[in-house]
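Asker: Those protein sequence lines, which keep their order, are chains A and B.
Those letters in the first sequence? Residues 1 to 761, per this note's numbering, in order.
Those letters in the second sequence? Residues 1 to 153, per this note's numbering, in order.
Hints were generated in silico from the structure; no laboratory data involved.
None of these values were measured; they are calculated from a predicted model.
Certain hints may be false.
[Unchecked claim] Here are the simulated SDA-like pairs of lysine to any residue, each with C-alpha atoms no more than 25 Å apart in a straight line:
| no. | chain 1 | residue 1 | chain 2 | residue 2 |
| --- | --- | --- | --- | --- |
| 1 | A | K266 | B | D93 |
| 2 | A | K127 | A | D141 |
| 3 | A | K266 | B | A152 |
| 4 | A | K654 | A | R756 |
| 5 | A | K374 | A | A174 |
| 6 | A | K127 | B | S22 |
| 7 | A | K654 | B | D93 |
| 8 | A | K266 | A | N87 |
| 9 | A | K266 | B | L61 |
| 10 | A | K127 | B | E19 |
| 11 | A | K575 | A | V588 |
| 12 | A | K748 | A | S382 |
| 13 | A | K575 | B | S22 |
| 14 | A | K127 | B | G20 |
| 15 | A | K127 | B | D16 |
| 16 | A | K549 | A | E598 |
Take a look at the letters that make up each chain.
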Amino acid sequence: MTSTVAGRTTAATANGVGSSPARPDGTRKVRGEFAYSSDLWHEDMLWGATLRSPHPHARITGVDVSAAVAVPGVHAVLTHGDVPGLNRYGLEHPDQPVLADDVVRYRGEPVAVVAADHPETAQRAMKLIEVTYDELEPVTDAEDAVHGDVAELHPGGNVVRHAPIRRGEQTPQADVVVTGRYEVGMQDQAFLGPESGLAVPDGHGGVDLYVATQWLHVDQQQIVAALGLTPEQVRLTLAGVGGAFGGREDLSMQIHASLLALYTGKPVKMVYNREESFYGHVHRHPATMYYEHGATRDGRLVHVTARIYLDGGAYASSTGAVVGNAATLGVGPYDVPNVSIDCWGTYTNNPPCGAMRGFGAVQAAFGYESQMDKLADACGLSPTEIRRRNAMSEGTVMPTGQTVDSAAPVAELLDRLEGMPLPQPGSTADLRTLPGGVSNTTHGEGVVRGVGYAVGIKNICFSEGFDDYSTARVRLAAVGGQPAVTVQTAAAEVGQGLVTILQQIIRTELGVEQVTILPMDTSIGSAGSTSASRQSYMTGGAVRAAALKVRGALLSHAATRLSRTTAELHLDGGKLASVADGVLADLVDVLGEAEFDETVEWRHRPTEALDPETGRGNAHVQYGFAAHRAVVDVDTELGLVKVVSLDCVQDVGKALNPQAVVGQIQGGSAQGLGLAVMEEIQTEGGVIRNPSFTDYLIPTVLDMPPMNIDVLELADPHAPYGLRGVGEPPTISSTPAIVAAIRAATGKELLRVPVRPDHIV
Amino acid sequence: MRVNLTVNGERRRADDVWEGESLLYVLRERLGLPGSKNACEQGECGSCTVYLDDVPACACLVAAGQAEGREVRTVEGLADGDALDPVQQSFVDAGAVQCGFCTPGLVVAAHDLLRREPDPSDEEIREALAGNLCRCTGYEKILDAVHSAAGAR
């Protein structure tokens, strides 16, 4: 690998961009010494607990906390009247009470919080709070919420957002038409580190909060509003984050712990248990989708018409943006001349839904990829051939009118997938390779193999005109006779390895091996959210920009010291060099006592809002693509599925850290497998029936097959290093590929995910 | 109540333990050993896996009182000073650590597997680690790490 430095090409720096150095937090994590948000401890700290509504929809008629307050060891019991500022919060609309006041809108909504000297004391006191409710009829169907005669759950009605997309003819004629109604169940992020944090009062009316989150500054804004404080009084520091996947974009315990800390004057720790975690964060929107695809006889798409309903549950969260994605990406990675899509996000009394990896693109992909397979059948084409005939590419115009202006190698992804070796037929000798495994449910009888393909598309970074930026500070000085760099940002490391990548960027740009990533906190400007596959692009871009400013200042400092011109100098592996004379001096000698300290606020190119009537607009920054081939063995008598292989080809523009890129593809594919065959939060009348890892299943090591992975690096000229966001695309195509394989094995229509045994037998 | 136990070779005592507390709570909140994790606290995820008298167990399912007089080895007790155990080193090198919340439990479970089976097959690793959930990695690099640790031992 080479990189261009000051107009010259130099050898790649060790452990720089394109290599896979060890994570800086890896050793602490394997030793059990990395401090996650639930590991924090403070002398004299109290434990918080949250009383939640047992009803999905009810009016609160009375709250009596006297018995709870009287429990020895209890320091505070707080209800909505104790919220000093705005008793509302939310990512896009402040519509969610910090603590319920008059109406509860979902089962699990916080009503009161308790602080006590032991977690068990807090739990017991919480159960002594008497709340009386008048139960109301819950609204639990998203289509009813849009079109039906049901209660309005919020002022202005139950539609959070309706996004239409119109392109070309609205009543086109096609030779072949296929239709389908598809459903996606409610998926949970199921990050392993529970919602947790520690709030420490500062003794002057402010609070320091140590918390696991995806976006410190948007948390801070909402906390400040609820507490009636200034941003200077509410300081957040990122504690160790045990996974996120979208589920930490919304607040959970942040305001509650801060409130309790301010009322009691003591540090307060809150840690949800697994059941509470299911109530404590938003989930992936369940979807109902009606699709019609029309094509010529030879399988070229003429039109796509779709209606997509996304159930946002009780509060808006990020439903508006999820709707935008599902609508704009609703036809998938295909060139479609005539499009009519309507997507609605709704309020209901189901659990609130918001961000989860894939964010609207996952739901749509199950719909459009199921349709593409149906269309292939109707046209007598193979699943890959129909996709190739309609594959978008660089220069394709999206249904929004936006021209795709960097690589979109959809056909190439499919070609490469087809070129990968298929797994050997299953052995009936080893139970562990069969559906049902060591449960000994089959020795091969009734087992049928199937193969399926799918491709997905995802927008990278924040879209629709959002002012999306990240802030980075880079400081270079000599420390102990060595050049050393510190990097400060507020970007949430949630496990993905951003801390490694930021070190690599510094090494590449400044040739300095020793790079310290400072704790992420709100003492610096916002880095935006760790979501939308955007942090390598955005905070990577910001750190690179700050490093380039440092390099510029350093070179002019060096020019003076070395009596050269800045233009003739460049950095080469920790040394100053000139074109004519080669190495001139060690960086550390040139540095001397000097210090270079630059802070940059960095933005991606602007995007546009969608026209509210037509959905026209250059709404997205970048598109990412992945494709999967799944091979499954299905026990057709019992409906058990074993995914035998799950191969993936993804274009990542530039693999800043190849090991981390592959890790994202493997992990993202596993979450897509979960949605395909096991993962669903099951609700009944708005009540979650399976809030535990006993009943909400995520893939184990037995469920995940080996993967062949092919990573393409087709640089995007608009992005830092040409990179393309990696995290989300593999979650999108994994699910429909597996379902397609099950269809191929069984001949069943399979209109809903997750696919359950009774859908097969 | 008071609980006396040996943790990572050291005799430890916890006072004022409420009878309902788990071994996991005592380790994390009373003995300053938060390495064992609290992902589900119901025995489903394996993130709190420790050796209890040399047998791997979910510390969340062990009542504190049941640990009286027994020997516990946690993830904090695997490394030899600064030298990581081969399993730990392999997890770092293979990229088997992302968020890392499952890691302590998986490291202990893999450590136990390699004591019993020095050169396990993929199928044996999968069966042995089936009680440990990971949400980030899709497990592929965990398999790589266990194979690599087997080679290093």
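Asker: Would you mind marking each hint as holding or not holding in the structure?
Answerer: Hint by hint, here is what the structure shows:
1. A:K266 - B:D93: The given pair, whose Cα atoms are some 41 Å apart, is violated under the 25 Å limit.
2. A:K127 - A:D141: Violated. K127 (chain A) to D141 (chain A) sits at ~31 Å, over the 25 Å cutoff.
3. A:K266 - B:A152: Not satisfied, since the Cα-Cα distance of roughly 49 Å exceeds 25 Å.
4. A:K654 - A:R756: violated, 38 Å
5. A:K374 - A:A174: holds, 15 Å
6. A:K127 - B:S22: Answer holds: K127 (chain A) to S22 (chain B) is near 21 Å, not above 25 Å.
7. A:K654 - B:D93: Given that 25 Å is the threshold and the Cα spacing comes to 22 Å, the pair holds.
8. A:K266 - A:N87: Cα-Cα ~22 Å, so holds.
9. A:K266 - B:L61: Distance ~31 Å between K266 (chain A) and L61 (chain B) Cα, so the pair is violated.
10. A:K127 - B:E19: holds, 19 Å
11. A:K575 - A:V588: holds, 8 Å
12. A:K748 - A:S382: At roughly 17 Å apart (the allowed maximum being 25 Å), S382 (chain A) and K748 (chain A) satisfy the hint.
13. A:K575 - B:S22: Status violated; Cα separation ~56 Å.
14. A:K127 - B:G20: holds, 17 Å
15. A:K127 - B:D16: holds, 23 Å
16. A:K549 - A:E598: holds, 7 Å
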